[in-house]
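Based on the hints, put chain U in the right spot on chain R.
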Amino acid sequence: VVPGETALAFYKAKNPTDKPIIGISTYNVIPFEAGQYFNKIQCFCFEEQRLNPQEEVDMPVFFYIDPEFVEDPKMAKVNLITLSYTFFEAKEGQKLPLPGYQ
Amino acid sequence: MSTAMNFGSKSFKPRPPDKGAFPLDHFGECSAFKERFMECLRDSGYESGACRQRAMAYLECRMERQVGPRGAARRGLPSRGGEGNPRWRRSQLMANEPLEKLGFKDLIDEKSEAKPEK
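Chains R and U are the protein sequences, given in the same order. Numbers 1 to 102, taken from UniProt numbering, label the letters of the first sequence in order. Numbers 1 to 118, taken from UniProt numbering, label the letters of the second sequence in order.
Pulled out of the complex, with its shape left as it was, chain R reads as follows (with noise of 0.2 Å):
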């Protein structure tokens, strides 16, 4: 991927009980500093997602690393960036938290 160019990446869902879920995931960047310079345009996270008992769904994200990337001297030598999610099940009247580096 190169910085300032966009990108697609797909990730892999499925609910593999007999009830469907509702859920909302929430994302993590390794390493936490490059965090800041993920920009994503478009992802199926920070709302409801709902998956059928047994449906298996490809999630994509539609991103760009921001093109200050290549100038931040702590980002030298960072080579591999990586784009984790967590599918949380979403529970009646539950805000979603944005995700914190606590």
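Because the hints were derived from the structure by calculation, they are not lab data. On a predicted model such as this, the values are computed, not experimentally measured, just so you know. Certain hints may be false.
What the hints assert, rightly or not - Within a straight-line C-alpha distance of at most 30 Å, the following computed BS3-like cross-link-like pairs (lysine-lysine) qualify: (1) K74/R / K19/U; (2) K111/U / K101/U; (3) K105/U / K14/R; (4) K101/U / K19/U; (5) K91/R / K12/R; (6) K14/R / K111/U; (7) K77/R / K40/R; (8) K19/U / K111/U; (9) K111/U / K77/R; (10) K12/R / K19/U; (11) K40/R / K101/U; (12) K19/U / K91/R; (13) K91/R / K14/R; (14) K12/R / K101/U; (15) K19/U / K105/U; (16) K105/U / K40/R; (17) K40/R / K12/R; (18) K19/U / K40/R; (19) K40/R / K74/R; (20) K19/R / K91/R.
Unchecked claim - Just a few of them, taken from the derived set where beta-carbon distance is under 10 Å, the chain R residues facing chain U: (21) V2; (22) G4; (23) L8; (24) C43; (25) L51; (26) E55; (27) Y85.
Even glycine gets a Cβ: it sits at the ideal position worked out from N, Cα and C.
Frame of chain R, contents of chain U only:
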């Protein structure tokens, strides 16, 4: 350990996507486009830049797919109060956006240059 002073670098704030969430493609309407994109990635050794045409095709597929309130139920989306709810009245797998604004300007320019003059 990182220092407390961070001249010239941005502070990290987790943030939602610029253009919101993709509805799930429950019926796999754009799966073929996704497969072609993934095939390209595998063949190119996972060079994202080499597969931008197919990424663009996938996003175009999403933009062409509409779903109304009944469609929303068919797609297994949670029902949110029927026709009166603007959020579910008309939704697509992706909101229409000019491809030039999604970072594909150079590919669009190439396409129009390749078109023969009438």
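Comparing the hints with the structure gives:
1. K74/R / K19/U: This hinted pair holds, its Cα atoms lying about 29 Å apart.
2. K111/U / K101/U: Holds, at about 16 Å.
3. K105/U / K14/R: Roughly 35 Å separates the two Cα atoms, so the pair is violated.
4. K101/U / K19/U: Cα-Cα ~12 Å, so holds.
5. K91/R / K12/R: holds (22 Å)
6. K14/R / K111/U: Given that 30 Å is the threshold and the Cα spacing comes to 38 Å, the pair is violated.
7. K77/R / K40/R: holds (23 Å)
8. K19/U / K111/U: holds (25 Å)
9. K111/U / K77/R: Distance ~37 Å between K111/U and K77/R Cα, so the pair is violated.
10. K12/R / K19/U: holds (21 Å)
11. K40/R / K101/U: Holds. K40/R to K101/U sits at ~14 Å (cutoff 30 Å).
12. K19/U / K91/R: Holds - the C-alpha atoms of K91/R and K19/U are around 25 Å apart, at most 30 Å.
13. K91/R / K14/R: Cα-Cα ~19 Å, so holds.
14. K12/R / K101/U: holds (27 Å)
15. K19/U / K105/U: holds (18 Å)
16. K105/U / K40/R: holds (18 Å)
17. K40/R / K12/R: holds (18 Å)
18. K19/U / K40/R: holds (8 Å)
19. K40/R / K74/R: holds (21 Å)
20. K19/R / K91/R: holds (15 Å)
21. V2: Holds - the Cβ of V2/R comes within 10 Å of chain U, reaching about 6 Å at its closest.
22. G4: holds (8 Å)
23. L8: With Cβ-Cβ at 4 Å, under 10 Å, it holds.
24. C43: This interface hint holds because 5 Å falls under the 10 Å limit.
25. L51: holds (8 Å)
26. E55: holds (7 Å)
27. Y85: violated (12 Å)
This entry does not satisfy hints 3, 6, 9 and 27, going by the numbered hints stated previously.
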